[in-house]
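Trainee: Residue-level listing of the chains:
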Amino acid sequence: MDAALARAWVQAIAAAIDEHTDQLTQLDSAIGDADHGANMRRGFSACLDALADTPLETPGDVLVRTGATLISSVGGAAGPLYGSAFRAIGRALAGPDAGAEQVLSALTEGLTAVKRLGAAVPGDKTIVDAYTPAVAAFEQELWEGGGLAAAAAHAAEAAEAGARATTTMQARKGRASYLGPRSVGHQDPGATSTALIFRALAEVTVR
Amino acid sequence: MDAALARAWVQAIAAAIDEHTDQLTQLDSAIGDADHGANMRRGFSACLDALADTPLETPGDVLVRTGATLISSVGGAAGPLYGSAFRAIGRALAGPDAGAEQVLSALTEGLTAVKRLGAAVPGDKTIVDAYTPAVAAFEQELWEGGGLAAAAAHAAEAAEAGARATTTMQARKGRASYLGPRSVGHQDPGATSTALIFRALAEVTVR
Amino acid sequence: MKKIINDPSTVVDEALQGMALAHPDLLRVQRDPAVIARADAPVRGKVAIISGGGSGHEPMHGGFVGAGMLDAACPGAVFTSPTPDQVQAAVEQVNGGAGVLLVVKNYTGDVLNFETAAELVAMDDVEVRTVVIDDDVAVKDSLYTAGRRGVAGTVLLEKIVGAAAEQGADLDRCEALARKVIANVRSLGLALTACTVPHVGQPSFELADDEYELGIGIHGEPGRERRQMEPADDLVRRLLDPVLEDLPFAAGDRVLLFTNSMGGTPLVELYLAHGIAEKLLAERGIVVERRLVGPYVTSLEMQGMSLTLLKLDDELTELWDAPVRTAALRWGM
Amino acid sequence: MKKIINDPSTVVDEALQGMALAHPDLLRVQRDPAVIARADAPVRGKVAIISGGGSGHEPMHGGFVGAGMLDAACPGAVFTSPTPDQVQAAVEQVNGGAGVLLVVKNYTGDVLNFETAAELVAMDDVEVRTVVIDDDVAVKDSLYTAGRRGVAGTVLLEKIVGAAAEQGADLDRCEALARKVIANVRSLGLALTACTVPHVGQPSFELADDEYELGIGIHGEPGRERRQMEPADDLVRRLLDPVLEDLPFAAGDRVLLFTNSMGGTPLVELYLAHGIAEKLLAERGIVVERRLVGPYVTSLEMQGMSLTLLKLDDELTELWDAPVRTAALRWGM
Ligand SMILES: Nc1ncnc2c1ncn2[C@@H]1O[C@H](COP(=O)(O)OP(=O)(O)O)[C@@H](O)[C@H]1O
Ligand SMILES: Nc1ncnc2c1ncn2[C@@H]1O[C@H](COP(=O)(O)OP(=O)(O)O)[C@@H](O)[C@H]1O
Ligand SMILES: [Mg+2]
Ligand SMILES: [Mg+2]
Ligand SMILES: [Mg+2]
Ligand SMILES: [Mg+2]
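Residue numbers (our numbering), protein chains in the order written: chain L, 1 to 207; chain Z, 208 to 414; chain F, 415 to 747; chain R, 748 to 1080.
Isolated chain L, as found in the complex (with noise of 0.2 Å):
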C-alpha cells in the first residue's frame, strides 16, 4: 500500500459511507441517537478536504492525518474510536510503500487502539464485532497465501458477517447498552460503518 492506494481508500470510505448515511442513521435511531451516519458523512467529507490540502508522502501520513481529522471533526464515540485506529493504522506505515504482512500488522495496531480506547470485547456489539474477524479473515488469507486484495476482500466479508451477527447481541458497550434486552434484534451501526471500511479496502485494492 502506497500514498496514493491509502488516499484511494479513503475517498473510497467517503462515498460508502455517502451513500449509506441513512443507513446508519437508521441504525442508530433505533438503538442509539440517530447520528453515526452524520457523523461519519461529517468525519470523512472533512478528511477529503484535509488529504486534498497537501501533498502526502506515505501511506502512513494518509492515514494519521485522516485519523486525525476524524478525531477532530466527528465527536461522539465514533470519532475517538475510528481516530485512533486510523492514526494507529498510519503510525504503522511510515514507508512509503507497505506490504501485505505490514497492512496487516497496521490494521492489528488499529484494532488494538479501539479496544484499548474503548474497552469493548467481542459480544459487546461495537465496531470490536466487525472489526475483530475482519483482522483474523485478513490474516488467514496471508497465511494461505493470498495477497493483499484477496486479504482485503476476505476480510471485508468477515466484517460484513461480524456486523449482521451484532443483531441478536445484547450491548454491552456504548449507547446500546442503555437499552438492555431492547438493544437485541438490531443490527449495530458502528459494526456497520466498520463493514463499509473494510469493503471499501477490498474494492481499492483490487484495482
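Among the clues, some could well be false.
[What the hints assert, rightly or not] Straight-line distance between alpha carbons at most 30 Å, and here's what the computed DSSO-like set of lysine-lysine pairs gives:
| hint | chain 1 | residue 1 | chain 2 | residue 2 |
| --- | --- | --- | --- | --- |
| 1 | R | 887 | R | 1058 |
| 2 | F | 594 | F | 416 |
| 3 | R | 1058 | L | 115 |
| 4 | R | 749 | F | 554 |
| 5 | Z | 322 | F | 725 |
| 6 | F | 416 | R | 887 |
| 7 | R | 1026 | F | 416 |
Worth flagging that the hints you see were computed from the coordinates, not collected in a lab.
Mind docking chains Z, F and R with the ligands on chain L? Use the hints.
Mentor: Frame of chain L, contents of chains Z, F and R with the ligands only:
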C-alpha cells in the same frame, strides 16, 4: 313564570349544555379557542349549586342569582355577556309570578344588556344573532295571542334559525373576528348556546 | 391527547398548587378564586400592577409576579379570561393604597371581565385604571371589529410598568407608561403545529406536514393565512416585515427585540431565528439595544414563534434594565 | 419534519450566532471550533469550569455560561459530543491560571472526547481534572456496561461547582465538590413523544397515543420500558420511587427537587407534576429545601419530564443560593 319555573329553566339549560358541551367545543375550535363548551358547562353547573343553596322566592331572585353566578364562574366573553343578560332578566321579574308580557320585556332587557356590553349588532356573528330573532318571535306570538309556552316555542325555533344563519356570516365581534373571511362557513358557538337556552325555556314552559 | 395531568377540569388548580410549592419565596397562591400574588403583598404606598388572562400561556402571567413586575396575576381556565371575582380578590390582596393598574390583553372576554371587576373595585373606593394592550399586527383594527389582540408585547409592558411602580411612580405615571409601551410595541406570530386544550383532547386545528399558520394568536386559534413551509430566513422575514411596517419602525430607531417561543419550539431553533431577525434589523439600520429570547408567552405545547419589537427611548430602556425578581424573569436581584 | 431552520447541517452554527447576538453582555461565541465562553473570560486566578456535550439540550450547556457557573461550553452537533479540539479551544479561551475542571456527562463519546482533550491540554502544562456525572437511575450500572448516563443532575453540579469557583475555591475543592454532587444526585425521565433530530427528519422513535417511555435518556433514544399512559399522579410516582430507592433518600433528608421539562411539555403540566412530587416527598418526610422547575435539560421538542433529587447539606445549599448570571439561570446579580 314563578320561581319554580325559573329554576326549572336554569336546570334545563344546564342539562342541555351538558348534552351539547362537545358540540359547542367543536364550534369554538373552528373559529375560536375551543373553550365555549367548557365555559358554559362550568357556569351552569355552578348555577345548579348556587340555586341548591338557598330558597329563592321570586323568578327574579333565581335569575339574578344565575346571572351573578355566571359572571363569577365562567370568564371569557360568554361569562359577562350571559351573566349580565340573566341579571337583567331577573331584575325585570321582581314579583312572585310573571305573565308572558312581563317575561317578554325581561327577555328584552337581557338582550339590551348583551348589546350594551358587547356592542354587537345583528350580523356580527354573535349571541345577538340568535337572541334578537328569538325575542322578536316571542313578541310576535304574544301579539298573535299565544301564551308563554307558545311564545317560548317560537322563540326557540327563531333562535335556532338565527344560530344556523350565523354560518354564512363573517364575524365582526369576538374571537372569531380575528379570522376575517375564514370565519365564514362555521356556525357561531355563542349563538348556538343561545338557541339551547331558548329551547330549554320552551321545554319547561310546556310541562 | 397525552398530557401530564390527572383530570382536565383540575389542571389549572393543580398547576397553581405546584407553582406555589415551587416558588415559596416569590409567590403566594390563593385557590378560590384563583389569584397569584407576590409574597410580600401588599406593598404599602406602591401602585399595584395586576394582570391576568387565560391559563396555558405560562410563564405569563404568574411567572411575572414579583418585585419589579406584577403584584398579582389572575389565571383563568385554559385560554379563558378570568372572572371579575378573581380580579376583585387580587385587588384586595395587593392594593397598597396607591391605586391599582389593571393590565388587560385586548380580547372581548378579558376586557369585559376586567371592566366588570374595575366597576366593582371602584365601588370599594379603590382608585383603579385599566390599560388594554393590542400589539398583534395580524389582526386589522377597525371600529367594527374586536380590534387587535394583545399578545407577547404584554410581557414588555408588565416589566416596564412594574419597574416604574417599584421605583415609586404614581398611578398617573404608571398608566401613561403603559400607554406609551402600547403605542410603541408590535408583534406577529406563526405556528408550525396546533396545541391541544386539555378538556378538548384534540389539536385546535390541523396543519399538514408542509404547512404553517401565519398570524396566529395565543389561544390555539387558527391564523389569518395558511402557507407552505419555508426556510427560517423566510419565516422570520414574514414575521418581521409586517411588524416593521405597522408602527412603522425606521432606520435609526432603537428597539428591544423579543423572540418568543409558542412553547414547543426548542431553544436551538429560537436562537437561530433570533439571529436572523437581528441581521435583518441590522440591514435596515434599526439598532437592537435590548433583547429577550425564550418561551415567555406560550400556547401550551404549540410549536411556533412570535417576534415583538418595542421602540425604546432612555426612559423605557432604563426601566427594562431595572431589577426584577419573578419566577420567569429575573435580574439585578 | 417542520422546524424553524434553514438547513440541518447549519443548525448549530446558526443557533450559536443567534445566541451570541442575544446575550452580548454574557457570552462570547467562537464558531470554528465552536466554543461559548463567558464574556469576561479568562478570569485570572479562578478555576475554569468547562462543560459541553451534544446540542439539542438547550439551555444546557451554553445557557449556563456566565458568572457563578460555567466559564465555557463546547456544543457538539445535535446529540453528538464535542470534539477534543473544541475542548482545547475552550481551555485556551478561559484558562485563568488556576486549573481547569472538565464536567463530562457519562457517555462513551463524551468521555472519550474529553479524555483526549484532557491529554492534549495537559501537554500544554495546564492543570486539568475531569469529573464524570452519571445520575440517571434508569440505567443499571455494571462493570460490563457503559455505566449510567449523565442527565439533568448536570445543571445542579454546574451551578454548585461554578459558585465555588467564583468564590475562589481551588481546583481540589472544585473537584471534590463535583464528586460530592455526583454522589448525592439522582434522576429519572419519561417521554410522551419522541423528538426529531434535524438531519434525520423523522421522530427518533414511535409512541402510540396511549403510551409513554419510562427511563429515557436525553438524546431521543428509546427508554427502558414502554408503558400505557397514566394519570400525572402515577407518572410522577414512577419517576420518584426509583430515584428515592437508589441513593437512597430517607425521611429527614434535605433535598433540592428539580422538575425538568424535556422541552415540549408546557409549564402548566410541569408545575402540576412538581406539586405532586412535593406532596409525595412530604409524605415520606423528605424536606424539599430548594427547587428548580423548568425546561433546563431538554431533548429538542420532546414532550416529557424528568425528576432530579440532590441531597443537600449547608455547603451545597449555600453554593446553590450563591449569585449566578447566565442566560438560563440567574439570581442575586
Ligand atoms: N466502547 C466502545 N467500543 C467500541 N465501539 C463502540 C464503543 N461504544 C460505542 N461504540 C460504537 O460506536 C457506535 C456509535 O457511534 P456514534 O453514533 O457515532 O456515537 P454516539 O454513540 O456517541 O452517538 C456504536 O454503534 C458502536 O459500534
Ligand atoms: N361582543 C360580543 N357580543 C355578543 N356576543 C359575543 C361578543 N363577543 C363574543 N361573543 C359571543 O361569545 C362567544 C364565545 O364565547 P366563549 O368561547 O365562551 O368566550 P371567548 O371568546 O372569550 O373564548 C362567541 O361565539 C360569540 O357568540
Ligand atoms: Mg450515535
Ligand atoms: Mg371561546
Ligand atoms: Mg376563551
Ligand atoms: Mg451521539
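Trainee: Compare the structure with each hint and give your call.
Mentor: Now the hints, each set against the structure:
As the CA atoms of residue 887(R) and residue 1058(R) are separated by approximately 20 Å, the hinted pair is consistent with the 30 Å bound. Simply put, residue 594(F) and residue 416(F) have alpha-carbon atoms about 42 Å apart, too far for the 30 Å limit, and the pair is violated. With a C-alpha separation of about 37 Å, the suggested pairing of residue 1058(R) with residue 115(L) is violated against the 30 Å cut-off. Between the alpha carbons of residue 749(R) and residue 554(F) the distance comes to roughly 28 Å, so the proposed pair stays at or under 30 Å and holds.
Proximity of residue 322(Z) to residue 725(F) is assessed by CA-CA distance (about 37 Å); at most 30 Å being required, the pair is judged violated. With a C-alpha separation of about 28 Å, the suggested pair residue 416(F) and residue 887(R) falls inside the 30 Å cut-off, and the hint holds. Straight-line distance between C-alpha atoms of residue 1026(R) and residue 416(F) comes to about 23 Å, which keeps the hinted pair within the 30 Å bound.
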